[in-house]
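Enquirer: Residues per chain, in single letters:
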Amino acid sequence: MKTMSNVIKKVIPMLDRILIKRFEVKTTTAGGILLPEESVPKEMQGVVVAVGPGARNPAGAGHLAIGVKEGDRVLLPKYGGTKVDMDDKSEYLLFREGDILAKLE
Amino acid sequence: MKTMSNVIKKVIPMLDRILIKRFEVKTTTAGGILLPEESVPKEMQGVVVAVGPGARNPAGAGHLAIGVKEGDRVLLPKYGGTKVDMDDKSEYLLFREGDILAKLE
Amino acid sequence: MKTMSNVIKKVIPMLDRILIKRFEVKTTTAGGILLPEESVPKEMQGVVVAVGPGARNPAGAGHLAIGVKEGDRVLLPKYGGTKVDMDDKSEYLLFREGDILAKLE
Amino acid sequence: MKTMSNVIKKVIPMLDRILIKRFEVKTTTAGGILLPEESVPKEMQGVVVAVGPGARNPAGAGHLAIGVKEGDRVLLPKYGGTKVDMDDKSEYLLFREGDILAKLE
Amino acid sequence: MKTMSNVIKKVIPMLDRILIKRFEVKTTTAGGILLPEESVPKEMQGVVVAVGPGARNPAGAGHLAIGVKEGDRVLLPKYGGTKVDMDDKSEYLLFREGDILAKLE
Amino acid sequence: MKTMSNVIKKVIPMLDRILIKRFEVKTTTAGGILLPEESVPKEMQGVVVAVGPGARNPAGAGHLAIGVKEGDRVLLPKYGGTKVDMDDKSEYLLFREGDILAKLE
Amino acid sequence: MKTMSNVIKKVIPMLDRILIKRFEVKTTTAGGILLPEESVPKEMQGVVVAVGPGARNPAGAGHLAIGVKEGDRVLLPKYGGTKVDMDDKSEYLLFREGDILAKLE
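For the protein sequence lines, the chains are A, B, C, D, E, F and G, in the order given.
Residue 25 in full-length UniProt numbering sits at position 25 of the first sequence, with consecutive numbering throughout.
Residue 77 in full-length UniProt numbering sits at position 77 of the second sequence, with consecutive numbering throughout.
Residue 24 in full-length UniProt numbering sits at position 24 of the third sequence, with consecutive numbering throughout.
Residue 82 in full-length UniProt numbering sits at position 82 of the fourth sequence, with consecutive numbering throughout.
Residue 85 in full-length UniProt numbering sits at position 85 of the fifth sequence, with consecutive numbering throughout.
Residue 11 in full-length UniProt numbering sits at position 11 of the sixth sequence, with consecutive numbering throughout.
Residue 19 in full-length UniProt numbering sits at position 19 of the seventh sequence, with consecutive numbering throughout.
For reference, chain A alone in the conformation it holds in the complex:
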């Protein structure tokens, strides 16, 4: 039986799935002191890490390009998504494009 390492280097989402890295909200003073956050959004936010090729075209040919790209900051629904373990300590989640609420700027 083939043995594989458990470390995932790269995740290529299937179809219209999008890999999101939840980012931690920190409020730091110039001197580097961590302040308590006052206005943490109730929804989750994250950064797009990888996008799939898109959902299948309902007309039957090819895929529908996904509306976010790597690096986009996005607003996520409170519930949903599938957790994925990656190398670092961040939290990674797979969402379908249709579940992502908005891009944030």
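Simulated from the structure, these hints should not be mistaken for lab results.
One or more hints might be untrue.
[To be verified] Residues of chain G placed beyond 12 Å of chain F at every Cβ, according to the derived structure: (1) Arg22; (2) Phe23; (3) Met44; (4) Val68; (5) Lys69; (6) Glu70; (7) Gly71; (8) Arg73; (9) Tyr79; (10) Lys103; (11) Glu105.
[As the list claims (entries may be wrong)] Pair by pair, the computed Cβ-Cβ distance ranges are: (12) Lys69(A) - Asp88(B): 22 to 32 Å; (13) Lys10(E) - Lys78(A): 57 to 67 Å; (14) Arg22(F) - Lys78(D): 35 to 45 Å.
Just so you know, even glycine gets a beta-carbon here, dropped at the ideal spot from N, CA and C.
Following the hints, put chains B, C, D, E, F and G in place on chain A, whose structure we already have.
Expert: Leaving out everything else, chains B, C, D, E, F and G in the frame of chain A:
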């Protein structure tokens, strides 16, 4: 790990989602005294702050233009929508176009 | 924060929604005496006040014209519709075209 | 507020709805004596009083002609339909075309 | 009020409905003695008595020809179908084409 | 009333249905002794006995050819299918094409 | 009655199903000692063993090519899939393409 500010400057809704700012209904006399409201609508009202590119065209190409635009006053269903934290104290909600009941004039 | 009046002057329904003003059924004698109603319909009736542009064409382009117009008297289902507050004391409801049962003449 | 009579003269069903007048099954001898019915169908029967323009064509244009016409005797499902009050004492029901089981001859 | 006979002479099923006459399985010896059945199928069987014009073509035009015809012996699901009273003592049922399991020979 | 034999000679499945004969897994030594099975699959297996013409083409014309043929050995889901009595003692089941998991070789 | 061996040599998934061999995650030192795993992903992982021809094209003709191929390492949902017994001791599962979360590299 990258640190980001928690303050959202701009929200660009995905697909057929629409960002709504709920407005407060006030009844003020000429002299500026707040009167108790007598006829508060049972449904929520709001102002369109941002609209997405529209739902995907079922024929597979492009998006379907959304029927409201920034600044439109709209009638919202009593339940539904996703709250989004923004800079000011107003209440912001994301709705899908199909859930918005009507434009108000 | 912008303050708006709570009085809705005009409602422009979204998509295939239709604004209905429920009418009161009265039975009056020639002399103007109100008689008890004997045959009040079990379903709600109403008059079309405003219609939306119509549901989206499933073929992807434009809207599907709605089968009722302002002033039509319609038969409504017992349950459903969304109440909307307007200037007068009448009861206003938003229905989707597909929920309206029939035109009455 | 406009006052309308409660008497419905004509019902024009919306889309694929059909107005049915349930008929009473009577077994009468030549001499006019009512006999007990022996073979009352378990399903409701009725006569088509009015038909709508038909469901919307899924291809997006026009309506799909309805397969019954005024005067057709039809077999109805045991449950379903929406009652409508009309002038006479008969029972009137609105059904969607797809719910009508069969034409009877 | 028009009075109609309760006897149904002919049933013309709507759309993709099919009128089935359940047949009784009998095992009879040459001498006409009824033997207990040993291998009664668990599913209902029947004979097609009448077929509708077929379901609507999803492309929007016309109907889809039904895959059974009058006289075909068919295998029916254990549950489902709508009973219809006819002249004789047999049991009649209306099924949709998609619910019929197979033709039997 | 017509009397029919209860013995089904041939089953012609409707649409995308497939008639499957479950096969018995036996482990026999050269000398013909039955050994206890050690690795019986958890899913049912069977042999295709008859296939229908295929599901209707969603584009509205004709049928979609079924991906298995008579004699194919198939993997079946644990639950589902409709039992059909046939001449021999084997167990026969009707499945829809989409419920069959895989062909086995 | 035909007797068949219970050993499945090859599984050819139907339509958009994919046969997955779950792989065991092992952490071994150079000297071959098995170490306890510290970061086992919460989702199942596996290797694609066989893919079906793809789901039917919604436009009605042919199949939609599947986005993974034999040998691809994939991320699987925690629940779902159908177990299949094969020759070796590994765990095999059938998934539909749409249920596979991502390819892993």
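Enquirer: Next, verify each hint and record whether it holds.
Expert: Hint-by-hint comparison with the structure:
Consistency note on Arg22(G): stated as away from chain F, and its beta-carbon is indeed over 12 Å from all of that chain's, at 15 Å minimum. Its beta-carbon lying about 20 Å from the closest one in chain F, Phe23(G) satisfies the requirement of being farther than 12 Å from that chain. The non-interface label for Met44(G) is consistent with chain F: the shortest C-beta to C-beta separation is roughly 17 Å, beyond 12 Å. Distance check on Val68(G): its Cβ is at least 16 Å (rounded) from any Cβ of chain F, clearing the 12 Å threshold; non-interface status holds.
The beta carbon of Lys69(G) sits about 17 Å from the closest Cβ of chain F, which is more than 12 Å, so the claim that it is off the interface holds. The beta carbon of Glu70(G) sits about 15 Å from the closest Cβ of chain F, which is more than 12 Å, so the claim that it is off the interface holds. With a minimum CB-CB distance of about 18 Å to chain F, Gly71(G) clears the 12 Å threshold, and the non-interface call stands. Even its closest Cβ contact with chain F, about 21 Å, leaves Arg73(G) beyond 12 Å, as expected for a residue assigned away from the interface.
Every CB of chain F lies more than 12 Å from the CB of Tyr79(G), the least distance being 16 Å, so the non-interface label holds. Residue-level check passed: Lys103(G) sits 21 Å from the nearest beta carbon of chain F, beyond 12 Å. With a minimum CB-CB distance of about 27 Å to chain F, Glu105(G) clears the 12 Å threshold, and the non-interface call stands. The hint said 22 to 32 Å for the Cβ distance between Lys69(A) and Asp88(B), and at roughly 29 Å that hint holds.
For the hinted restraint 57 to 67 Å between Lys10(E) and Lys78(A), the CB-CB distance of approximately 60 Å keeps it satisfied. As the Cβ distance of Arg22(F) to Lys78(D) is approximately 38 Å, the hint placing it in 35 to 45 Å holds.
In summary, the structure agrees with every hint in the numbered list given earlier.
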